[in-house]
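Visitor: Sequence:
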Amino acid sequence: MKYLFYLSAAIIILTSCTKILDKTPLNTINDEVVWNDTTLINAFLAEQYALSSVFVNGCSEYIQSGTTSSPIRGSIAWNPSHIDYLYNSEQGAGFTIVNDLSDESKPVWNICGIADKVKANGITPEGGVLEWWDNGYYIIRNLNQFIQRVPASPMEAAIAKTRIAEARFLRAFQYFEMVKRYGGVPLIIAVQNLTDPTDLLYPKRNTEQEVYDFIISELETIKNDLPVTNYSRASKTAALALESRAALYAGSIAKYGTIQLDGLIGISSTAANRYFEIAYATADSIIQSHTNSLYNANSNKAMNFRELFLVKHNPEMIFVKEHNFTSALSGGGAAWSYDFVQRPKPHAWDLGMAEGAYLEMAEAFQLINGSPGKLDRNAIQQGLWAMDDLWKDKDPRFFATLYTQGTLWQGGKIDFHKGLLTPTNTLFENKADAYNGVAAWGNQNISGDFGTGFGVLKYLDESNAIGTTWSNSGSDYIIFRYAEVLLNFAEAAMELGKSSDALDAINQVRNRAGITPLTAVTMNNVRQERRVELAFEGHRYWDVRRWRIAEEVLSGSNSGLRYILDYATGKYQIRVLTDIDGTNNKPNFTSAEYYFPITLKRIAANPNLLENIGY
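Going by my numbering, 37 is the number at position 37 of the sequence shown; the sequence numbering is gapless.
The hints are simulated quantities; they were obtained by calculation from the structure and are not laboratory data. Heads up, a few of these hints could be off.
[Said to hold, decoys possible] Capping the alpha-carbon separation at 35 Å, the derived lysine-lysine pairs in DSBU-like fashion look like this: (1) Lys161 / Lys312; (2) Lys601 / Lys301; (3) Lys117 / Lys345; (4) Lys117 / Lys586; (5) Lys374 / Lys571; (6) Lys392 / Lys301; (7) Lys345 / Lys586; (8) Lys413 / Lys312; (9) Lys394 / Lys161; (10) Lys374 / Lys117.
[To be verified] Derived CB-CB ranges, DEER-like: (11) Ser217 / Gly497: 24 to 32 Å; (12) Gln382 / Ser269: 48 to 56 Å; (13) Gln382 / Thr519: 32 to 40 Å; (14) Trp349 / Leu408: 19 to 27 Å; (15) Thr39 / Asp262: 44 to 52 Å; (16) Lys374 / Asp199: 52 to 60 Å.
Just so it is clear, the structure is predicted and the values come from calculations on it, not from any experiment. Using N, Cα and C, we set each Cβ at its ideal position, and we do this for glycine too.
Model the full structure from these sequences, guided by the hints.
Guide: Set out below in structure tokens:
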């Protein structure tokens, strides 16, 4: 067996491995050479980090057609130069799709034309969205090889023990990403060979519960073999964070889901509390260790929340994918495209704003005093409004998460207005119209299908130049952070009837946000807090699925706002835009979509795989 080492990909995830990877790129290397060279062994693991933390959030997987010896993986070979990689990766805009599939936003760029189709028509039997099958098993095979070969390598025993624990952490991560999509999948924990028995080469799916139990068991086994913290590599704290998240998901599925296909999907309700206890205990272990804390360096609460996603190595970050400001597309860099994709205009392509956040998402942010943030939609369409009045006393996280009409940006104000009302009450609505030098339209994406009146500000670096390439962002992508741990703890506590523990954890998050603490807590409070605190971080879509409320919250019409500038006062008429996704394109989530299809292609490669219900 020979291996191709894409060392530039490894550099993306492991700045801590600079010395290892700062070498002339390797071509095809003999198998025996790899496992007898500690530098190459470390480089091999670095590659798995790079592949494991890449955002497979797009319209297909990175793994493209090639040759392989494993029927479970299909026919695959990684090709990072393929156009699908650009669409799906963080160098493209694939990271937006998981948000656009939820009730957070609609696609403005509509990468691959898929998010709106899936929202309206469902996932097809061919799949093709948010996949993690070929990718997952490709990485798992590599990790199995690593775990098998390193003990006999010349690597120092203590270091080998840590590296193997890292590999097992990454393998558990792969299985978590697969089980939350497909339910039960085949658990392959040894290297497959063509000479293996048929039942090993063509394995059946394990039950969903077996996969979750494997993940939890692995993390428990290896957590103490890892350093306590390590920012961009596996650590004990990261292992506990993954275990907490996985156990919380398993508990939700056991409590709110149903068992089908003899347990290939679904978990017995009798197991729910056991998983909630694990989620509670692992989150509490992180809390009690005091290894991390909420970022709270800026007294301005809105700016503090913005800084959380821009300040590197801040105390809230548990496990991240590191980036820099050198384009990964030009080779050797470790940047991603976030600023280029999400920023408002001015923009190098005169575009920007890949995601249009829904009005409903804006309304989810409460007022500072804790009262609901939902607007009186009839009242706001009467008279004229200044933006400070429209959003008065809003949760500071609103101003740090979304940009809208009048948001300050690079020394100016973002302008979404579409329509100009003259002193004679004449409405100019055409883009080319103007009155006394004032344009009828603002300078953002507001024509046609564009524009909900909101863009995504979270993670945006205002100091970043416009750029002429997709990939020029240096902010680190957070995979696990301390606020999620507190929210996991709060949710598990509520499920176990420990409301006082949940209240304390929730109020820590609310206090940092600058919003009035709760005096009592319900499960709806916990879910509400997850929605606003973790907005646009890739959680919402998976949360509503595991709670089995997606059929309700991901179906139906969503809204936006239109701002019409009043020339005389500088204020705005407000119009609520209903059916912002299109009257013939309304989101409609069906029960089958709680699991992704295995697909005919994969079943053809392994006839022992059974398809999920509804496909």
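Visitor: Against each hint, give a clear statement of whether it holds in the structure.
Guide: Hints, verified against the model:
For the hint linking Lys161 to Lys312, the alpha-carbon distance of about 29 Å falls within 35 Å, and the restraint holds. Note on Lys601 and Lys301: the hinted pairing is violated, with a Cα-Cα distance of about 50 Å set against a maximum of 35 Å. A distance of roughly 27 Å separates the Cα atoms of Lys117 and Lys345; the hinted pair therefore holds under the 35 Å criterion. A threshold of 35 Å between alpha carbons decides the hint, and for Lys117 with Lys586 the separation of about 10 Å falls inside it, so the pair holds.
Simply put, Lys374 and Lys571 have alpha-carbon atoms about 21 Å apart, close enough for the 35 Å limit, and the pair holds. Restraint check for Lys392 and Lys301: satisfied, since their Cα atoms lie roughly 15 Å apart, inside the 35 Å limit. Taken as a hint, the Lys345 and Lys586 pair is honoured in the structure, with Cα atoms around 28 Å apart against an allowance of 35 Å. About 27 Å separates the Cα atoms of Lys413 and Lys312, which keeps this hinted pair within 35 Å; it holds.
Our distance criterion of 35 Å between C-alpha atoms is broken by Lys394 and Lys161, whose separation comes to about 50 Å. For the given pair, Lys374 sits about 28 Å from Lys117 by alpha-carbon distance, which is consistent with the 35 Å threshold. A C-beta distance of roughly 26 Å is found between Ser217 and Gly497, which places it inside the suggested range of 24 to 32 Å. In this structure, Gln382 and Ser269 meet the distance hint of 48 to 56 Å, their C-beta atoms being roughly 50 Å apart.
Between Gln382 and Thr519 the beta carbons are some 34 Å apart, a value that agrees with the proposed interval 32 to 40 Å. In this structure the supplied range 19 to 27 Å holds for Trp349 paired with Leu408, their Cβ-Cβ distance being about 23 Å. Checked against the hint of 44 to 52 Å, the C-beta distance between Thr39 and Asp262 comes to roughly 47 Å, which is consistent with it. The given range of 52 to 60 Å is respected by Lys374 and Asp199, whose C-beta atoms sit roughly 56 Å from each other.
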